[in-house]
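Chemist: Chain by chain, the residues run as shown.
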Amino acid sequence: MKSLIVIGKCSHAICAAAVAFAMLGIGTRTGAAASHDRWLDLAEQIFKNRPLSDGTRLIALEMPYRAEDAAVVPLTVRATLPASDPRHLTGLTIVIDQNPSPVAAVFTFGSKANVNAISTRVRVNSYTDVHAVAELSDGKLYVVKTFVKAAGGCSAPAIKDAGEAKKNLGEMRFREFASKPAVSRLHQAQIMIRHPNNSGLQMDQVTHLYIPAFFVADLKVWQGDDLIMAMSGGISISENPSIRFTYVPTGAAPFRAQAIDTEKHVFKGEWPATQSAM
Amino acid sequence: MRVALAVSTVLSIACFFTRAPAHSQDSTAPLDVMQIAPGVFVHFGTIAPMTRKNEGAIANVSFVMGDKYVAIIDTGGSVQEGKKLLAAVRARTSKPIRYVINTHMHPDHVFGNAAFAQIGATFIGHKNLPGAMATHGSYYRKSLRPSMGESLIANVKIISPTELVSDALEIDLGNRMLALRAWPTAHTDNDLTVLDRTSGTLFTGDLLFVRHIPVLDGSLLGWLKDLDELARIPARQAVPGHGPLVTHWPEGLADERRYLNRLAADIRAMIKRGVPIAEAAKEAGGSERDRWQLFDAYNARNATAAFAELEWE
Ligand SMILES: [Zn+2]
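Those sequence lines, one after another, are chains F and H. Heads up: the first sequence begins at 24 in my numbering, then just goes up one per residue. Heads up: the second sequence begins at 85 in my numbering, then just goes up one per residue.
In case anyone wonders, no lab produced these hints; they're calculated from the structure. Here a beta-carbon is modelled for each residue, glycine too, at the ideal position from N, C-alpha and C. Be aware that one or more of the hints could be misleading.
Here are the computed lysine-lysine pairs in the DSS-like style, where the Cα-Cα straight-line distance is at most 30 Å [stated by the list, open to error]:
| # | chain 1 | residue 1 | chain 2 | residue 2 |
| --- | --- | --- | --- | --- |
| 1 | H | K241 | F | K172 |
| 2 | F | K172 | H | K366 |
| 3 | F | K135 | F | K163 |
| 4 | H | K356 | F | K243 |
| 5 | H | K226 | F | K168 |
Facing chain H, from chain F, some residues (calculated, C-beta under 8 Å) [said to hold, decoys possible]:
| # | residue |
| --- | --- |
| 6 | D92 |
| 7 | V95 |
| 8 | P97 |
| 9 | A140 |
| 10 | S142 |
| 11 | R144 |
| 12 | F200 |
| 13 | A201 |
| 14 | N263 |
| 15 | R267 |
| 16 | E286 |
Excised from the complex, chain F in its bound form (with noise of 0.2 Å):
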């Protein structure tokens, strides 16, 4: 996916352009055609020329109607295959229509680990169409999209203050969660990182110059040297980046995470398998 490569390295003035760019867009048009013409602009962006088809009955995307709080929506994506379906996911692009840069995050996953589901929690700006654009083993894209009523997200203040923020920067925590073998062979595990995940948007309390946009551009997770999860995030995700996936244990092998932030702090954790794989 060429996107990846460009969020990947999205510098701060190429942030800078892109939020030119979408206020431009958001200040031309309203109503529905118009956000129906953003996501069209959008996707020949994103995807190039890929054709993207319908992925209702493939993947669901969950997200509150009506967000509670604009700067932490929480957002997740599964795959719904049937069981006699082959086919499962190797990527996933979300894209938040109307914010000041739309793509949220870009996620591939691991060969082995068969992710079928992911979360995590993002700032949405104002009203707006959701689009998750996911990836199958067939090559191909599909997408599906649903309404979010929230608003400020991306310019709501970082509330923490700025010296524990910076002395926290970069704590990593894995989790684990309790799986039901008999269930599934999925196992579910959570990992966040601390950070402010600034947008770009926001004010400094003190000086009232805009903070540079600054948040973590890369995140991987590993079991042994076996890629679970990678992710390239935009300014869209939440504060304290926290995601939550399934995945097929590889074996007992500890987990690995590594994530890079956009001044290239690498911030690094392991921590061993709690659970037996099944």
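Could you slot chain H with the ligand onto chain F? The hints should help.
Modeler: Same frame as chain F, now just chain H with the ligand:
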């Protein structure tokens, strides 16, 4: 800048007020206020969302009169409410309004500021308030326009405090000292309280909600910590940000403390069990539903914010 940006009609009304206060009372009916101690007046807002019909008058707004000056504590949820508050002051005294104190950034407490812009008062707030107003102001205007209507929103101006409180500040109204205190992040990151030393009345701003469900826009753990500290203030009575006068202090903090502790306990247990944030938001605090007004409007939001905070404990 304020003048330059002002809509001409607003400006002329405001000037009209300062030049001819006697006439202004004819055009604006005074806000209904209750004297809760000598020289201490409160308008108790209705427990409801801000609407066109209630003119945003949902928070408690107050004024305190000293021998020389008057201080306003919160200005209400619209310029219209602010003007009515000003009329209520003018109906009782001609002493100058020396100070306008904003207890925090929320629109129901500061949208009336413009009514006091032209009378030479000093605006006072928490050191974080100017930044919070700058980041949230236009968002509040936009998000309240549908429910309040263009005419109530159009003349709202974001007026920032020029006198900032980073810890504590005493102001003198003439034989009447008000003790202002800035708090660490709790309801918001810019909460300020006012203690009238003469009557022992504590104005808590939204650090205390009574009957109206508490709304979390800062830090749950910070709020619980601040409650312990608040309880040590030797007040005789308290004016909460929302809800009726608290005559038993600090017992009047108990309901809010119970709600916040319940929310924390529920969410901690859910985090432990591995419940995802979206489900936690639907269930946490549910046992408190019947004890609060506007529960369904704010509880899930509180739970979402609390979850994101507590999972890092
Ligand atoms: Zn408030």
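Chemist: A separate judgement is required for each hint: does it hold in the structure or not?
Modeler: Results of checking the hints against the structure:
no.: 1; hint: H:K241 to F:K172; in the structure: holds (26 Å)
no.: 2; hint: F:K172 to H:K366; in the structure: holds (17 Å)
no.: 3; hint: F:K135 to F:K163; in the structure: holds (19 Å)
no.: 4; hint: H:K356 to F:K243; in the structure: holds (25 Å)
no.: 5; hint: H:K226 to F:K168; in the structure: holds (26 Å)
no.: 6; hint: D92; in the structure: holds (5 Å)
no.: 7; hint: V95; in the structure: holds (5 Å)
no.: 8; hint: P97; in the structure: holds (4 Å)
no.: 9; hint: A140; in the structure: violated (10 Å)
no.: 10; hint: S142; in the structure: holds (6 Å)
no.: 11; hint: R144; in the structure: holds (7 Å)
no.: 12; hint: F200; in the structure: holds (4 Å)
no.: 13; hint: A201; in the structure: holds (7 Å)
no.: 14; hint: N263; in the structure: holds (7 Å)
no.: 15; hint: R267; in the structure: holds (6 Å)
no.: 16; hint: E286; in the structure: violated (22 Å)
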